[in-house]
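Chemist: Spelled out from the first residue to the last, the chains are:
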Amino acid sequence: EAGVAQSPRYKIIEKRQSVAFWCNPISGHATLYWYQQILGQGPKLLIQFQNNGVVDDSQLPKDRFSAERLKGVDSTLKIQPAKLEDSAVYLCASSQQTNTEAFFGQGTRLTVV
Amino acid sequence: GDSVTQMEGPVTLSEEAFLTINCTYTATGYPSLFWYVQYPGEGLQLLLKATKADDKGSNKGFEATYRKETTSFHLEKGSVQVSDSAVYFCALGETGANSKLTFGKGITLSVRP
Numbered sequence: 001e002a003g004v005a006q007s008p009r010y011k012i013i014e015k016r017q018s019v020a021f022w023c024n025p026i027s028g029h030a031t032l033y034w035y036q037q038i039l040g041q042g043p044k045l046l047i048q049f050q051n052n053g054v055v056d057d058s059q060l061p062k063d064r065f066s067a068e069r070l071k072g073v074d075s076t077l078k079i080q081p082a083k084l085e086d087s088a089v090y091l092c093a094s095s096q097q098t099n100t101e102a103f104f105g106q107g108t109r110l111t112v113v
Numbered sequence: 114g115d116s117v118t119q120m121e122g123p124v125t126l127s128e129e130a131f132l133t134i135n136c137t138y139t140a141t142g143y144p145s146l147f148w149y150v151q152y153p154g155e156g157l158q159l160l161l162k163a164t165k166a167d168d169k170g171s172n173k174g175f176e177a178t179y180r181k182e183t184t185s186f187h188l189e190k191g192s193v194q195v196s197d198s199a200v201y202f203c204a205l206g207e208t209g210a211n212s213k214l215t216f217g218k219g220i221t222l223s224v225r226p
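Residue numbers (the working numbering), protein chains in the order written: chain A, 1 to 113; chain B, 114 to 226.
Same shape as in the complex, but just chain A (with noise of 0.2 Å):
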């Protein structure tokens, strides 16, 4: 079965710019989770959805950062404006449901300057 899809792979911008990233994961998995993951570290949660509601964001800085899940399928994820410390590699997984087994993309790099 064909695995998480994200795009782009590369991203650079400015700080102050806006940017956005896309996911389309499993088909058939109502679980999409974004996970944010600065260098050295591990991954760290940031929005989850169950089908297109948002079940967990407390994680999310919501002065700058929103996502949507429109329809329950695809994902975007934004940034604006974007800030230095954002520079982080930017992750999509999905699950059939809560409580099983995650599947993640590549990930988005995003350099900040």
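Warning: the hint list may mix true and false statements.
Have a look at the derived ranges for each label pair, beta carbon to beta carbon [claimed, not checked]: (1) A:A30 to B:S127: 42 to 48 Å; (2) B:T133 to A:Q80: 21 to 27 Å; (3) B:K165 to A:S58: 22 to 28 Å; (4) A:G3 to B:S223: 35 to 41 Å; (5) A:K71 to B:T164: 28 to 34 Å; (6) B:K181 to A:P61: 32 to 38 Å; (7) A:V54 to B:T141: 42 to 48 Å; (8) A:A30 to B:D168: 22 to 28 Å; (9) A:G3 to B:S198: 19 to 25 Å.
List time: in silico DSS-like cross-link candidates among lysine-lysine, alpha-carbon distance up to 27 Å [claimed, not checked]: (10) B:K165 to A:K83; (11) A:K11 to A:K44; (12) B:K181 to A:K83; (13) B:K218 to A:K78; (14) A:K44 to B:K162; (15) A:K11 to B:K173; (16) B:K165 to B:K218; (17) B:K169 to A:K83; (18) A:K62 to B:K165; (19) B:K169 to A:K11; (20) B:K218 to A:K62.
These aren't lab readings, by the way, just hints derived from the structure by calculation. Every residue, glycine too, gets a C-beta built ideally from N, C-alpha and C.
Please build the complex by placing chain B on the supplied structure of chain A, with the hints as guidance.
Modeler: Chain B alone, transformed into the frame defined by chain A:
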């Protein structure tokens, strides 16, 4: 809150050496425990998991036992190969409907011929 602590790295071993990567956790309730691996240029993928105390997860020659009394989930392999060179992440999954993965910092393993 829940947390995962991994031993400091990086780790460099010769081929066929014995591997132990330590992982301890702090959690309320009864989480599931995971080891994820990230090979160079690839996304995170599940290596093994254990869902309750005394369970042993195993895959590709790797093993880890869920030890509730010591709150540990150490990863072991009897004889490592060059192809095992990767970054290894220990993670815990909360129980309940809003489960999410909490990751450790990860440790880089390099195996030399």
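Chemist: Provide an ascending list of the numbers of those earlier hints which the structure does not satisfy.
Modeler: 2, 4, 7, 10, 12, 15, 17, 18 and 19
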